[in-house]
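Chemist: Sequence:
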Amino acid sequence: MLAEGASNHKLLLNFTINNKSSNTANIITVLGLTWNPSNDNLYCTRPPWPVSITVPTSETVLEERVAKTQVLVTSTTLHCSKLVQGEEFSSDITKLLNNKNLSSKSKLLCLALFIDQERVLRVGGRLRHSSFTNDKKYPILLPKQHHITKLIAKYLHVTNLHVGPQTLLTIMRQKYWPLSGKNLCKQIVHSSIVCFKAKPKFHSPLMGQLSSARVTPSRPFTSTGIDFCGPVYIRQSKNKRACKLKTYIAIFVCITIKAVHLELVNDLTARSLTELHEWVIKNKEKIAQICLPDSIEWHFIPPNAPHMGGLWEAYVKSVKYHLYRVMGTECLTFEEVATLLSQIEACLNSRPINSQSNDPNDERPLTPAHFVVGDSIFLPIEQDNVDTQMNKLQRWTRVQLMVQSFWKRWSNDYIISLQQRGKWKRKCPNINIGDLVIIKKNNIPPSHWMVGRIILLHSGTDRVVRVATVKTAQTTLKRPVVKLSKVPIE
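Just so it is clear: in the sequence shown, position 463 is 463 by our numbering, and no numbers are missing.
Source of the hints: derived by calculation from the structure; they are not laboratory data.
Some hints here could point you the wrong way.
Claimed, not checked - Think about it this way: if two alpha-carbon atoms lie no more than 20 angstroms apart in a straight line, the pair counts; the simulated SDA-like pairs of lysine to any residue are:
| no. | residue 1 | residue 2 |
| --- | --- | --- |
| 1 | Lys408 | Ser355 |
| 2 | Lys244 | Glu330 |
| 3 | Lys320 | Arg235 |
| 4 | Lys258 | Glu313 |
| 5 | Lys82 | Phe114 |
| 6 | Lys320 | Gly310 |
| 7 | Lys244 | Thr333 |
| 8 | Lys486 | Gln187 |
| 9 | Lys478 | Arg453 |
| 10 | Lys201 | Asn443 |
| 11 | Lys182 | Thr167 |
| 12 | Lys201 | Pro446 |
| 13 | Lys320 | Gly309 |
| 14 | Lys136 | Thr167 |
| 15 | Lys423 | Leu97 |
| 16 | Lys199 | Ser447 |
| 17 | Lys471 | Val487 |
| 18 | Lys136 | Leu169 |
| 19 | Lys82 | Val123 |
| 20 | Lys246 | Lys258 |
| 21 | Lys408 | Pro220 |
| 22 | Lys82 | Glu63 |
Kindly generate the complete structure, drawing on both the sequences and the hints.
Modeler: Set out below in structure tokens:
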């Protein structure tokens, strides 16, 4: 009966060791039920020390139980190493027991292997005359990518405060010699959930195709991107003691020709702006229905995805660039700030949108103002030719030809410059429904980022997923995949 029970427990131990879902605690528990470290025999009763420890009141009892637990862990790893070596290196062990040499093609030949008194396969090496301990001079050989090898590496990784791959390999080689140790330690560290949450890796899908509004000629501001920036503090009047008011700048950017229009928005407090933003988000369908008779169509980018509105975000940066340098710390009136914004608008609309040539005989660079007013705004005033006798039809034809030449240069110079991808150049695998992800949130430490599961994917015309709907414990969010990091779960 005892032998039958021992056989059953041995089968249980082998199953636990080879089961990839088991951990170090499972193996220690099963081994505590089945193995007597004093004579290396299997038995059916518990060992003389408890496997799970409750914190005692006496410090002496605590020290004794901690010491016994350490003995149990050491004995467990030693016994498991012997079982694993018997599975992976059975032919090499047989040759060494028969005093035969290993094959000349064996990868283990350079390790000078030998079997100690406990029948454990160890690395001989060249450190015999050093002052190190025997475990460090003759470490235990472990196979690569075995479940027990990974469990030992995970145990050392956690007990040593989640060290990096190089430090983990150094700690392991104090007692063990895992084959392909560098790759194993990198795999353990990169698959650690705690380490991954501290420094997650986010998806960077391939840069998408340009929309039809970007590459199709149309009237200025037919397709427009809208954004707010600020706040900008203004003076209520020219009086020195006048109170300060908070205003915002509304930026309208033509998606086709990159023309910009700036408006100073008065009496828009932070609370009003937040309420307006929330109302627009909640009433997207109503706004679309109201604008449909006027052929106005609204498109909203996902929350926390400013890179999807890079065109107007770049103009926000440009507007602030000029405001900081012109206004400084001065507080102007509403009319003065509005005048300053009109000058900044003229400056931005006079910037070239195509490459400039060093040849003075070439044409002037193309600017957004060419499409809005017919010429660059900051150019010197040309000679007045109103009194010149010219047929009206011929003059109108010249104007039409000039406008058409602008669009031809726009197609040949500007659009061609948008062909290359500046970043996000490589394809990455799409995330899938059901993946567990970490949601990045600015101004919050990574340890406090929410965890959710993907329930819906939103792919583009090129079938690349750039937006996903994530369900968390509290709510459901729609976020870009660049703010999502897939948790490495085996």
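Chemist: Now tell me, hint by hint, if it's right for this structure.
Modeler: Checked hints:
1. Lys408 <-> Ser355: The given pair, whose Cα atoms are some 15 angstroms apart, holds under the 20 angstroms limit.
2. Lys244 <-> Glu330: Satisfied, since the Cα-Cα distance of roughly 11 angstroms is no more than 20 angstroms.
3. Lys320 <-> Arg235: holds (19 angstroms)
4. Lys258 <-> Glu313: Between Lys258 and Glu313 the Cα gap is close to 12 angstroms, so the pair holds against 20 angstroms.
5. Lys82 <-> Phe114: Within the cut-off at roughly 13 angstroms; holds.
6. Lys320 <-> Gly310: The given pair, whose Cα atoms are some 15 angstroms apart, holds under the 20 angstroms limit.
7. Lys244 <-> Thr333: holds (9 angstroms)
8. Lys486 <-> Gln187: Distance ~16 angstroms between Lys486 and Gln187 Cα, so the pair holds.
9. Lys478 <-> Arg453: holds (12 angstroms)
10. Lys201 <-> Asn443: The hint holds at about 17 angstroms.
11. Lys182 <-> Thr167: holds (10 angstroms)
12. Lys201 <-> Pro446: It holds: about 11 angstroms lies between the C-alpha atoms, which stays within 20 angstroms.
13. Lys320 <-> Gly309: holds (17 angstroms)
14. Lys136 <-> Thr167: holds (15 angstroms)
15. Lys423 <-> Leu97: violated (60 angstroms)
16. Lys199 <-> Ser447: The hint holds at about 9 angstroms.
17. Lys471 <-> Val487: holds (15 angstroms)
18. Lys136 <-> Leu169: Holds, at roughly 13 angstroms.
19. Lys82 <-> Val123: With Cα atoms ~14 angstroms apart, Lys82 and Val123 stay inside 20 angstroms; holds.
20. Lys246 <-> Lys258: violated (28 angstroms)
21. Lys408 <-> Pro220: holds (16 angstroms)
22. Lys82 <-> Glu63: Distance of about 29 angstroms is beyond 20 angstroms: violated.
The structure is inconsistent with the numbered hints 15, 20, 22, although it conforms to all the rest.
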